[in-house]
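There are 2 protein chains.
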Amino acid sequence: MSTTPPFPRAHLATPALIVDLPAFERNVAAMAAWARGKRIALRPHAKTHKSGEIARRQIAAGAVGICCAKLGEAEALAAEGIEDILITSPVVPRQPVERLARLNERVERLAVVVDHPDNVDRLAAAVGDGRIDVLVDLDTGSHRTGVTSPEAAVSLAERIAANDALGYLGVQFYCGSLQHVPRFDDRQSALAERAAYLRTILQALSDAGLPARTVTGGGTGSFAIDAELGLLNELQAGSYIFMDRQYQECEPAALRFEQALSIDTRVISANTPGRVTIDAGLKAMATDGGAARVLAGADPGSAFLFMGDEHGMLVTPEGGADPRLDDLVTLLPPHCDPTVNLYDQYAICRDDLVIDTWPVSARGRSA
Amino acid sequence: MSTTPPFPRAHLATPALIVDLPAFERNVAAMAAWARGKRIALRPHAKTHKSGEIARRQIAAGAVGICCAKLGEAEALAAEGIEDILITSPVVPRQPVERLARLNERVERLAVVVDHPDNVDRLAAAVGDGRIDVLVDLDTGSHRTGVTSPEAAVSLAERIAANDALGYLGVQFYCGSLQHVPRFDDRQSALAERAAYLRTILQALSDAGLPARTVTGGGTGSFAIDAELGLLNELQAGSYIFMDRQYQECEPAALRFEQALSIDTRVISANTPGRVTIDAGLKAMATDGGAARVLAGADPGSAFLFMGDEHGMLVTPEGGADPRLDDLVTLLPPHCDPTVNLYDQYAICRDDLVIDTWPVSARGRSA
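Residue numbers (the UniProt record's numbering), protein chains in the order written: chain A, 1 to 367; chain B, 1 to 367.
Extracted from the complex, chain A is given alone in its bound form:
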């Protein structure tokens, strides 16, 4: 795209990643207001958006800082001026730990989670006088990361607290696998069961003289339930800014966020009645979350099929009208985070005008 905004959305080269700015702004404001009302610190997860501009807007609306999934993501957003970052995965290998120590000197406040005593020792050795905040990552049941027992949590907290290079902050408890449980009631009871386990750990830490000042976790599928359970004091939700098909299909909690992210595509072949081919395939959308849904430009009942790296097919439902060659079709992507990761920039739209572009600065920064 060589054109400078503002320009008509119809002039975008497709596939294009679209942010509906008013809907996005309402989402940012709604979650900030909700967190304020509940006296929960909001630390949105930037792995959703990978954008310094969006992180700045979340912080301006009241977020205490942001989360990053990986060190590379944190480096990219720190380079854009973000000064308060929690890295939500353990940083383990030697070279990355050294990069982490350097990043810690550059930003105002950096924190990282740990789940192994060797990692605690390596962090401390690398950071030295720099001092970094550390949280004990708790395995919530999926066995992805985290310690797996109250005893291990206490032992790791003691190791952190005993080390002058490290500041013991508390715990991380992220129930990733429960975010997309379709029915609200089912999510609620699953989370209540996990909360009982968290309570045991928090008690054990208190008993050991190491109460968790920060209990961070939660997501777009669980934040209202987490607040109800009263255990978390810091919320990591990220996807609420955009919402995707997966989250849209979950029964809503207290707040209903608006769909603010979409993909503009065009029909590039239309030779077979009942189906057309669009210019968005495996390289334009996450493929782990099923099919995209039509938002505009084609029958909303159309089925989307991936047709290779660069193409998708829309199958018109019985009795519907096919889009024509060159028609613009807007899709709701199935899973926002890995979809955003495929693009270099967001086209920021108000109505049918592109009013800005924002770089996806931390795109591809998984290392």
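These are computed hints drawn from the structure, not numbers from a lab.
Only true hints are included.
Cβ pair distances, simulated, as ranges: (1) 94/B - 6/A: 14 to 20 Å; (2) 108/A - 94/B: 44 to 50 Å; (3) 255/B - 155/A: 52 to 58 Å; (4) 125/A - 355/B: 26 to 32 Å; (5) 208/A - 299/B: 35 to 41 Å; (6) 148/A - 60/B: 50 to 56 Å; (7) 249/A - 350/B: 44 to 50 Å; (8) 355/B - 318/A: 55 to 61 Å; (9) 62/B - 301/A: 45 to 51 Å; (10) 317/B - 121/A: 29 to 35 Å.
Remember, it's a predicted structure, so these values are computed and weren't measured experimentally.
Using N, Cα and C, we set each Cβ at its ideal position, and we do this for glycine too.
For this one, chain A is given, so just place chain B on it according to the hints.
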């Protein structure tokens, strides 16, 4: 990565995209020699690699030029000095057609496929005196793109030939859906059936005084069969340079290519016996082709599971030994093209040394 090659592969930040240079070079040479022997022009598909460096090496080995799936890809590789490009999807919307006309002025030889008369007219109007080569795209049965009958092929060829701005080259016949038919015999009989259809179209074009000078198509799963059938005179295979799990699992034809692309990852959590978590997830690997396979660093029988955006899990088979925290694990990705599209660079390795890095210049250039 701030380090300058050469440096030990173990120092790479993970996940990292690895090219085994000797295996890659043998693949490039083997396909070039095979095509020379069969007197088939080799025009490798660059959507696999998206790299000017790799395109240059393919051309140096004897390829006539390259294929690109999208205009953006072609622009990126032209900017790296590639001068003979075929765009294998129709370029339809108005602004892209204008970009195509500008690209046509910059490179020595540009060709594009069409499948609709309106597209022919729009191309001709945009290109004007520039003259661009055009092929009729044939629908081989998947209804992705292409004309759907011999009559439509002849009619489109006539429209191209009648226009001074366009050079009629021939046809494209790419049987994408047949590339991964697991057994060689089954692929062979399916392709023979498609070849009979292609023969009908070629005859109809000849009868109309418009014989196809170029018949382009084929892929890594079909090239030997295509050659046997004697219909294609230009081969578009791309994945042979890397090979991925999907192609490795197809029964081989005349040539067996080597696996030359892998992903280095590290164990970042190891708290649960029987499983470890590595730093490669949905953002490190294509998810449309099933699971990655362990090549080194863990039991080769380990099962890989995606665990969200940034993590994967390796489940050790019964009786196997778990990798330890911080261990390096090398994976064979399931599907190479969309995996490459997630990275900004290749780490070019010989044995355990990174000897160069090559940018994935056309990464994300789907528009």
